[in-house]
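Undergrad: My request is simple: use the sequences and hints to build the entire structure.
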Amino acid sequence: MLGYIARRLIWMLLVLWGVMTITFFVARVIPADPVGAILGPQAPPEAIERERERLGLNRPIYVQYIRYIFDLLRGDLGISLRTRRPVLQDIAQFFPATAELALSAFLIGVVLGISVGVVSAVYPGRVIDHASRVFAIVGLSMPAFWLGLLLLLGFYYKLGWLPGPGQLPYWMPRPPRVTGFLFVDALLAHDWSALTSYLKHLVMPAFTLGWISTASIARITRASMLEVLREEYIKTARMKGLKESGVVMKHAFKNALLPIITVVGIRLASLLEGAVLTETVFAWPGLGRYATHSFLSIDFNAVVGVAIFTAFLYAFCNLAVDLLYAYLNPKIRYV
Amino acid sequence: MRGLTWKDIVKHLFRNPLSLVGIVIILGLCVLALLAPYIAPHDPYATDPINKLQPPSKRNPMGTDGLGRDVWSRVLYGTRISLWIAFLILIISGTLGTIIGIISAYFGGFWDNVLMRITDVFMAFPQLILAMAVAAALGPSLTNVVLAISFGAWTIFARLARSRAIAIVQEDFVEAARACGAGHLRLLFVHILPLALSPVIVQGTLSMGGIILTAAGLGFLGFGAQPPSPEWGLMVSEGRNFMPHAWWVSTFPGLAIMITVLGFNLLGDGIRDILDPRMR
Numbered sequence: 032m033l034g035y036i037a038r039r040l041i042w043m044l045l046v047l048w049g050v051m052t053i054t055f056f057v058a059r060v061i062p063a064d065p066v067g068a069i070l071g072p073q074a075p076p077e078a079i080e081r082e083r084e085r086l087g088l089n090r091p092i093y094v095q096y097i098r099y100i101f102d103l104l105r106g107d108l109g110i111s112l113r114t115r116r117p118v119l120q121d122i123a124q125f126f127p128a129t130a131e132l133a134l135s136a137f138l139i140g141v142v143l144g145i146s147v148g149v150v151s152a153v154y155p156g157r158v159i160d161h162a163s164r165v166f167a168i169v170g171l172s173m174p175a176f177w178l179g180l181l182l183l184l185g186f187y188y189k190l191g192w193l194p195g196p197g198q199l200p201y202w203m204p205r206p207p208r209v210t211g212f213l214f215v216d217a218l219l220a221h222d223w224s225a226l227t228s229y230l231k232h233l234v235m236p237a238f239t240l241g242w243i244s245t246a247s248i249a250r251i252t253r254a255s256m257l258e259v260l261r262e263e264y265i266k267t268a269r270m271k272g273l274k275e276s277g278v279v280m281k282h283a284f285k286n287a288l289l290p291i292i293t294v295v296g297i298r299l300a301s302l303l304e305g306a307v308l309t310e311t312v313f314a315w316p317g318l319g320r321y322a323t324h325s326f327l328s329i330d331f332n333a334v335v336g337v338a339i340f341t342a343f344l345y346a347f348c349n350l351a352v353d354l355l356y357a358y359l360n361p362k363i364r365y366v
Numbered sequence: 020m021r022g023l024t025w026k027d028i029v030k031h032l033f034r035n036p037l038s039l040v041g042i043v044i045i046l047g048l049c050v051l052a053l054l055a056p057y058i059a060p061h062d063p064y065a066t067d068p069i070n071k072l073q074p075p076s077k078r079n080p081m082g083t084d085g086l087g088r089d090v091w092s093r094v095l096y097g098t099r100i101s102l103w104i105a106f107l108i109l110i111i112s113g114t115l116g117t118i119i120g121i122i123s124a125y126f127g128g129f130w131d132n133v134l135m136r137i138t139d140v141f142m143a144f145p146q147l148i149l150a151m152a153v154a155a156a157l158g159p160s161l162t163n164v165v166l167a168i169s170f171g172a173w174t175i176f177a178r179l180a181r182s183r184a185i186a187i188v189q190e191d192f193v194e195a196a197r198a199c200g201a202g203h204l205r206l207l208f209v210h211i212l213p214l215a216l217s218p219v220i221v222q223g224t225l226s227m228g229g230i231i232l233t234a235a236g237l238g239f240l241g242f243g244a245q246p247p248s249p250e251w252g253l254m255v256s257e258g259r260n261f262m263p264h265a266w267w268v269s270t271f272p273g274l275a276i277m278i279t280v281l282g283f284n285l286l287g288d289g290i291r292d293i294l295d296p297r298m299r
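Each protein sequence line maps, in turn, to chains U and E.
Basically our numbering = 1-based index in the first sequence + 31.
Basically our numbering = 1-based index in the second sequence + 19.
Simulated from the structure, these hints should not be mistaken for laboratory data.
Take the hints with a grain of salt, since some may be wrong.
Away from chain E, derived, C-beta distances all over 10 Å, residues of chain U [stated by the list, open to error]:
| # | residue |
| --- | --- |
| 1 | 84 |
| 2 | 89 |
| 3 | 166 |
| 4 | 183 |
| 5 | 209 |
| 6 | 219 |
| 7 | 272 |
| 8 | 355 |
| 9 | 359 |
When the alpha-carbon atoms are kept at most 25 Å apart in a straight line, the in silico SDA-like pairs for lysine to any residue are as follows [said to hold, decoys possible]:
| # | chain 1 | residue 1 | chain 2 | residue 2 |
| --- | --- | --- | --- | --- |
| 10 | E | 30 | U | 184 |
| 11 | U | 231 | E | 261 |
| 12 | U | 231 | E | 266 |
| 13 | U | 189 | E | 73 |
| 14 | U | 231 | E | 260 |
| 15 | U | 266 | U | 153 |
| 16 | U | 189 | E | 265 |
| 17 | U | 231 | E | 263 |
| 18 | U | 189 | E | 166 |
| 19 | U | 189 | E | 261 |
| 20 | E | 71 | U | 188 |
| 21 | U | 189 | E | 72 |
| 22 | U | 189 | E | 274 |
| 23 | E | 30 | U | 168 |
| 24 | E | 71 | U | 45 |
| 25 | U | 189 | E | 76 |
| 26 | E | 30 | U | 161 |
| 27 | U | 231 | E | 262 |
| 28 | U | 189 | E | 263 |
| 29 | U | 189 | E | 30 |
| 30 | E | 71 | E | 274 |
| 31 | U | 189 | E | 266 |
| 32 | E | 71 | U | 185 |
| 33 | U | 189 | E | 260 |
| 34 | E | 71 | U | 181 |
| 35 | U | 189 | E | 71 |
| 36 | U | 281 | U | 153 |
| 37 | E | 30 | U | 181 |
| 38 | U | 266 | E | 73 |
| 39 | U | 189 | E | 259 |
| 40 | E | 30 | U | 156 |
Source: prediction; values computed, not measured.
Glycine residues also receive a C-beta, built at the ideal position from the N, C-alpha and C atoms.
TA: The structure is reproduced here in structure tokens:
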């Protein structure tokens with residue numbers, strides 16, 4: 032197991048190095064004119080020359096590359112051209128909102144997805160099975176940003192049941208920032224009105240983001256459960272007179288878990304992607320919105336920073352899934 | 020496709036009601052896209068400020084947007100954009116991926132390792148973020164959306180083509196062709212490529228929905244088509260500000276995206292069911 036973990040870690044480091052290289056390529060090599068993007072088209076030639084020198088762009092590309100890698104290894108992502116602050120500081124400020132959103136969406140996706148999948152596998156071919164399959168495929172086909180807008184239209188503008196975009200109403204003071212996670216900060220400050228308001232604000236974005244995961248988790252759960260329920264030992268368990276609920280949950284579900292975990296892991300990582308769109312719709316002050324704004328204003332340091340940060344998170348999610356997988360499935364442990 | 024011919028697949032597809040619905044949706048959209056100039060009641064770019072934000076009516080079946088343009092005509096023209104873009108992305112990333120995949124399998128050893136590790140690195144990025152970064156670096160436009168999405172979408176095709184080609188490379192007919200004096204290029208593109216294509220084509224159908232969603236997402240965020248293009252994602256974004264009192268401006272283009280993606284997902288599901296009997 033240790034050997035496997037070590038190999039997997041080394042592999043991850045190599046991938047991350049590759050990620051840094053591709054990001055360098057995208058940010059420094061593709062754009063014909065990064066300085067033009069910073070200074071604008073009317074900048075005088077001397078200013079352009081000075082800026083090129085300041086950024087080190089007049090050096091050979093391999094020198095730039097080495098400097099870039101060393102900066103990254105020191106955790107220096109540079110200064111954002113848009114916010115004029117270190118990119119790392121920006122990421123630290125905006126990430127908690129995304130993390131809270133993504134985790135709530137993840138919970139919704141896992142709980143709803145697994146229950147829908149199990150139910151439709153237990154009653155294959157019945158109305159509830161067909162309904163949930165249709166639900167899954169429609170869910171996978173829906174653009175998240177559009178779903179978000181429809182929810183806003185219905186529950187905020189028309190019915191008024193839920194609050195609109197943002198995390199808190201504009202008149203409500205934010206609890207003092209301790210961890211950056213609004214949920215935790217509100218708890219620490221015993222600010223119950225902010226907490227309930229925040230949770231209400233969280234419902235629609237979390238549901239929008241969780242919806243897509245629900246669909247794909249439900250689908251894999253159904254397939255995996257159907258396969259396991261056909262096995263002989265399930266028949267044996269039934270013949271022993273065990274309760275059907277026990278057979279389904281203890282004997283079948285546990286063995287159906289492996290493929291489900293893979294999909295769940297992929298979904299967790301791809302929530303980051305969905306967060307970009309969801310945050311834009313709900314004016315959620317997270318990393319996704321920061322990414323959109325900085326990318327649109329061609330803020331190269333921020334582009335690099337966000338791309339690498341998300342790729343790191345992605346890599347860690349994949350690592351966690353692989354390790355969990357190896358732990359749960361002894362067959363692949365030493366491969 | 021063990022033991023299945025293309026004929027079997029088509030036969031199965033037409034027997035499955037859901038994939039039949041998918042096929043009908045896709046064909047219908049293609050017809051709409053082709054006939055858009057003839058069936059659109061209005062010019063998709065013609066503004067009419069006096070009649071702006073009109074609700075759906077006989078004259079404007081999907082209402083008008085903030086500049087008085089007919090939403091239905093714009094959605095119709097948008098079909099062309101979305102299908103065309105998705106098609107281009109598929110061709111570019113499919114070609115690139117297949118070539119990388121068969122080269123990797125053909126040469127094997129060191130080059131196989133290098134190419135597959137590069138593929139892994141590209142897979143380590145969230146697709147949308149990578150596409151956003153490339154689109155930002157190149158500047159927002161429809162052409163760049165195609166490049167940006169293709170930049171990350173080829174990986175799955177490379178893997179599939181490689182796994183198929185590894186088996187083909189060991190076949191006797193490849194050895195025979197080599198003995199007859201065929202060079203690397205000829206072996207790769209005349210003998211191996213045609214046989215490695217089928218998994219790529221199948222995966223292409225499966226990927227189509229996701230590609231359309233990503234492209235629409237980029238349009239929505241502002242990385243894709245620029246106004247006044249009737250690109251669906253951009254239209255949803257333009258309608259956002261009118262959402263409370265003019266729901267139709269955003270709702271219909273979004274619905275069009277959903278129906279298109281649904282069509283491809285239904286077809287893809289049908290194909291997957293045929294290839295993987297466990298899912299049946």
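Undergrad: Which constraints among the numbered hints does this structure fail? Numbers only, ascending.
TA: Hints 4, 10, 18, 24, 29, 37 and 38 are the ones this structure does not satisfy, whereas the remaining hints hold.
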